[in-house]
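**Student:** Each chain is listed here by its residues.
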Amino acid sequence: MTHQNQTPFSLYIHIPFCASICGYCDFNTYTAQQLGGGVSQESFHKLLIRELELASRTLDAPLVSTVFIGGGTPTLIGSDSLTQILRGIENYFPMSPDVEITTEANPDSVDQQMLTDLREGGFNRISFGMQSAAPAVLATLQRTHTAGASKQAALWAREAGFEHVNLDLIYGTPGETDSDVRDSVNVCIDAGVDHVAAYSLIVEPGTAMARAVNQGVLPPPDDDECADRHNIIDTMLHSAGFNWYEVSNWAKPGGQSSHNQAYWTSANWWGAGPGAHSHVDGRRWVNHKHPATYAKALENGDALHVDTEELTPEQIHVEKVMLALRTRAGLPVVELDPQELERAREFALQGVIDPGEFAHGLVRVTDSERLLADRVIRELLG
Amino acid sequence: MSSPRPGSTDPALVRNFCIIAHIDHGKSTLADRMLQHTGLVDARSMRAQYLDRMDIERERGITIKSQAVRLPYQAPDGTEYILNLIDTPGHVDFTYEVSRSLAACEGAVLLVDAAQGIEAQTLANLYLAMENDMEIIPVLNKIDLPAAQPEKYAAELAHIIGCDPADVLKVSAKTGVGVSELLERIIEKVPPPKGDASAPARALIFDSVYDTYRGVVTYVRVVDGRIGTRDKIEMMSLGTTHELLEVGVISPEPIPSEGLGVGEVGYLITGVKDVRQSRVGDTVTTALRGATESLGGYRDPLPMVFSGLYPLDGSDYPELRDALDKLKLNDAALTYEPETSLALGFGFRCGFLGLLHLEIVRERLEREFNLELISTAPNVVYRVITDAGKEITVTNPSEFPNTKLSKIFEPVVRATVLLPSEFVGAVMELCQQRRGVLLGMDYLSEDRVELRYTLPLAEIVFDFFDQLKSRTRGYASLDYEPTGEQEADLVKVDILLHGEAVDAFSAVVHRDKSQAYGVLIVQKLKELIPRQQYEVPIQAAIGARIITRETVRAVRKDVLAKCYGGDISRKRKLLEKQKEGKKRMKMVGSVEVPQEAFIAVLSTSDSSPKK
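Residue numbers (my numbering), protein chains in the order written: chain A, -10 to 371; chain B, 201 to 811.
Hints were generated in silico from the structure; no laboratory data involved.
Among the hints, a few may not be true.
Derived lysine-lysine pairs resembling DSSO-like cross-links, with alpha carbons at most 30 Å apart [what the hints assert, rightly or not]:
{"hint": "1", "chain 1": "A", "residue 1": "K309", "chain 2": "B", "residue 2": "K783"}
{"hint": "2", "chain 1": "B", "residue 1": "K607", "chain 2": "B", "residue 2": "K713"}
{"hint": "3", "chain 1": "B", "residue 1": "K432", "chain 2": "B", "residue 2": "K394"}
{"hint": "4", "chain 1": "B", "residue 1": "K724", "chain 2": "B", "residue 2": "K777"}
{"hint": "5", "chain 1": "B", "residue 1": "K389", "chain 2": "B", "residue 2": "K374"}
{"hint": "6", "chain 1": "B", "residue 1": "K713", "chain 2": "B", "residue 2": "K604"}
{"hint": "7", "chain 1": "B", "residue 1": "K782", "chain 2": "B", "residue 2": "K726"}
{"hint": "8", "chain 1": "A", "residue 1": "K278", "chain 2": "B", "residue 2": "K771"}
{"hint": "9", "chain 1": "B", "residue 1": "K783", "chain 2": "B", "residue 2": "K762"}
{"hint": "10", "chain 1": "A", "residue 1": "K241", "chain 2": "B", "residue 2": "K771"}
{"hint": "11", "chain 1": "A", "residue 1": "K278", "chain 2": "B", "residue 2": "K762"}
{"hint": "12", "chain 1": "B", "residue 1": "K528", "chain 2": "B", "residue 2": "K432"}
{"hint": "13", "chain 1": "B", "residue 1": "K762", "chain 2": "A", "residue 2": "K309"}
{"hint": "14", "chain 1": "B", "residue 1": "K779", "chain 2": "A", "residue 2": "K309"}
{"hint": "15", "chain 1": "B", "residue 1": "K604", "chain 2": "A", "residue 2": "K309"}
{"hint": "16", "chain 1": "A", "residue 1": "K278", "chain 2": "B", "residue 2": "K724"}
{"hint": "17", "chain 1": "B", "residue 1": "K389", "chain 2": "A", "residue 2": "K309"}
{"hint": "18", "chain 1": "A", "residue 1": "K278", "chain 2": "A", "residue 2": "K241"}
{"hint": "19", "chain 1": "B", "residue 1": "K713", "chain 2": "B", "residue 2": "K590"}
{"hint": "20", "chain 1": "A", "residue 1": "K278", "chain 2": "B", "residue 2": "K777"}
{"hint": "21", "chain 1": "B", "residue 1": "K473", "chain 2": "B", "residue 2": "K432"}
{"hint": "22", "chain 1": "B", "residue 1": "K473", "chain 2": "A", "residue 2": "K241"}
{"hint": "23", "chain 1": "B", "residue 1": "K528", "chain 2": "B", "residue 2": "K473"}
{"hint": "24", "chain 1": "A", "residue 1": "K309", "chain 2": "B", "residue 2": "K773"}
{"hint": "25", "chain 1": "B", "residue 1": "K724", "chain 2": "B", "residue 2": "K669"}
{"hint": "26", "chain 1": "B", "residue 1": "K352", "chain 2": "B", "residue 2": "K374"}
{"hint": "27", "chain 1": "B", "residue 1": "K374", "chain 2": "B", "residue 2": "K669"}
{"hint": "28", "chain 1": "B", "residue 1": "K726", "chain 2": "B", "residue 2": "K669"}
{"hint": "29", "chain 1": "A", "residue 1": "K35", "chain 2": "A", "residue 2": "K278"}
{"hint": "30", "chain 1": "B", "residue 1": "K607", "chain 2": "B", "residue 2": "K590"}
{"hint": "31", "chain 1": "A", "residue 1": "K309", "chain 2": "B", "residue 2": "K782"}
Could you build all of it, start to finish, from the sequences and the hints given here?
**Tutor:** Right, dumping it as structure tokens:
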């Protein structure tokens, strides 16, 4: 490699395995039993490394600024395989000196040794799917870990030297109370993490939970309740030193995830693994979804992607507006066309976007309108 | 060919008859079979239901516009007769057109399904024919059906028309059984037309159809004199004269002739382009030495039911206007004038003969002209006298005055319901709820009852028929005819969104039912109006008085939880879709109302709670 491409670049690696499937989850993930004999979890990382090699040959030596291994449950394939993937990346791509390297993990799929191994292997950020501190909520979500496991895992991760630890929360689960939400946030604060992501529960079509809701076994999440809980979470995290930087993401100073921000600033990224999405220079594509199909295509040297989208300038603009307005960083006014600018001016007068920031060339949805960001986006785009 | 030629047929050899039947009782099939039996149409070129020409007619199995066909028929004794079969529309909305068709005949075949018995509309048309002293030939059809009960229904028919059950013919139009006996019976029973061949010409218009290529085709029955190709004709009610371009008979395709004589049935073409120039019920005479006295019985078609028709997409307004102009050419009863609704934009207030007429027009607009329409709930005409003594005719509920009124009149109908006796209680309850006054009740047979009520027409247009069907498991049939008006304590209920009245939702209802109506509509809207940026009060009001209120709470959360990797293009596609969806929203003041809400509230079919 004779030169280095300075455009920020990210890698997403998908591990499509879980020990069991949670009722609300519609991610592309499979239990060993669901996969049958077709795919080996033990050697799956080798397939991923092979795709990364292909990627490096397609791309113009981009400098990797973030790596995110998600799933599924990445830790299910073991710290050794995860670390080998990292070595593969380093082998094929130039790495930024301050590269952020994250793996997701389930609280009950790690122990101290594994966390130490991951940290020593090069990972510097870890994200645990805690979801809730309330046993009843965890049961409804069909999570296998206990309430205490999340806090324990986060504490161990910090002991193992992870500077950045995230806990994921889900709120609005049927049966959840406001006080359950407070308990969950308190666990996050007590665990000393520097990042919390909190999502209102989405009942995704095709999931076991959607069936339960349709049959009337579970009530659907209530939007007003979710709005209240979002506010509870925001207030508590704020007083504990966290700031929101995207609708569902809070961080202590310095704790913001660079990988997340890459998505929201329409950066380039390559997604490796079954069903992984990529976005490079105005083109989006997605890989074969099923691990076995993916593996076969890779082994036969066939195309991995099943769906490619060449974005038009308008679509690129829509995405930019749609992503930026969800963030605290906002959108530079110069990105708007004259009509949008006119509407933005109106929004500033109404206090929907921050008038002070607008005067300084930035469109930022005010804190009070944050939960109505989609409406603002729709109306701004006209 | 030895059969008598049009224009020079001895009236003694002519038999003019029609078939009175309910939808589905097999009228068209029987007509087809007669066409075949007389040798007019061979089996090969027979297309099912030859006489029903419009698509909608064929699909619904009903006749909207009548036709007349000349059937040369050789009787077993060798005599060549001319049978003129005049097809009649089968629906209550078209009673006037039916009466004109009947007036063109001397006899009527009463055709009843042997598995179902007589229906209310058939009964109404039968009474009309009996009042005209027509010869009635009772026939039971579909005797080949396993469920047929010919003996039972023969007794019923005999009871109604006062004949011997043995005189009721039993036919299967499908297989052809009994059709030749029927033709013989027509020759034998239906009197030949009587008229004065030397008198000035007088012909009754019983139908008038617009044809794209030929202009208006006018169907007439000559009563006196003769109309020849070279005559100039006069429409007696209008006083207008026209050159004749063509005279002929339908047999079964149009065949031009030299003229039409006493008792003959045929068509006239003058080149006029609008059926209003050639009105059903009018008398045609010759311009030279014409008749001075018309045949009588003509009346202007009177719209009974009104509805606002609006294009879903406001830019289709000119297309809607053109489409109505075109339909009008073929439909003398359709009236319309432009109106503007705050909620629905530009449209037309249209007048119809009844609900079926409305439905047919709407369907033709959508199907033949590719228009997507919203129609407001059908309403009737109110005559309102203000305290100041001023009289106002209200055809649009939103224009119903809010000021103090001294008198309000609403149209009433005489309704006849035929039903199995087990449902009498349920139907009487329904009629009671709808402000009906019982006029009488008769047993047609052991288990079939005829109920007669006076009902406000407004109650009938508001889902009465659906209710009737659901309370009688579909076994009841309904007929009604306008009988005038009555004074009633009516109020206008307005529906307000965010304090603003939505004109399209205004309704005139009886005071006792205003509360229930308001609650019903307001609750329905609450379900259908999505939560908006602001809290939206939905209110029902009579004048300035709010009678009920609901609130659509302001939306508090409108943001996707997750937006990473693959979520991004999904989310963008969702935005694109929502943009499309936005086009289907109507802005009412500051409130976004989905089209579905309009359609659901304005459709009467399930606007009252089902029991």
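**Student:** Next, verify each hint and record whether it holds.
**Tutor:** For each hint, the structure was consulted:
1. A:K309 <-> B:K783: Satisfied, since the Cα-Cα distance of roughly 24 Å is no more than 30 Å.
2. B:K607 <-> B:K713: holds (18 Å)
3. B:K432 <-> B:K394: holds (24 Å)
4. B:K724 <-> B:K777: holds (26 Å)
5. B:K389 <-> B:K374: holds (24 Å)
6. B:K713 <-> B:K604: The given pair, whose Cα atoms are some 19 Å apart, holds under the 30 Å limit.
7. B:K782 <-> B:K726: holds (19 Å)
8. A:K278 <-> B:K771: holds (19 Å)
9. B:K783 <-> B:K762: holds (27 Å)
10. A:K241 <-> B:K771: holds (28 Å)
11. A:K278 <-> B:K762: holds (20 Å)
12. B:K528 <-> B:K432: holds (25 Å)
13. B:K762 <-> A:K309: holds (16 Å)
14. B:K779 <-> A:K309: holds (17 Å)
15. B:K604 <-> A:K309: Distance ~60 Å between B:K604 and A:K309 Cα, so the pair is violated.
16. A:K278 <-> B:K724: violated (43 Å)
17. B:K389 <-> A:K309: violated (86 Å)
18. A:K278 <-> A:K241: The given pair, whose Cα atoms are some 36 Å apart, is violated under the 30 Å limit.
19. B:K713 <-> B:K590: Satisfied, since the Cα-Cα distance of roughly 27 Å is no more than 30 Å.
20. A:K278 <-> B:K777: Answer holds: A:K278 to B:K777 is near 25 Å, not above 30 Å.
21. B:K473 <-> B:K432: With a Cα-Cα distance of about 17 Å, the restraint between B:K473 and B:K432 holds, given a limit of 30 Å.
22. B:K473 <-> A:K241: Distance ~81 Å between B:K473 and A:K241 Cα, so the pair is violated.
23. B:K528 <-> B:K473: holds (10 Å)
24. A:K309 <-> B:K773: OK: A:K309 and B:K773 at ~14 Å, within 30 Å.
25. B:K724 <-> B:K669: holds (23 Å)
26. B:K352 <-> B:K374: holds (21 Å)
27. B:K374 <-> B:K669: Measuring from Cα to Cα gives roughly 28 Å; hence the hint holds.
28. B:K726 <-> B:K669: holds (29 Å)
29. A:K35 <-> A:K278: holds (18 Å)
30. B:K607 <-> B:K590: holds (10 Å)
31. A:K309 <-> B:K782: With Cα atoms ~21 Å apart, A:K309 and B:K782 stay inside 30 Å; holds.
Of the hints listed earlier, those the structure fails to meet are numbers 15, 16, 17, 18 and 22, in rising order.
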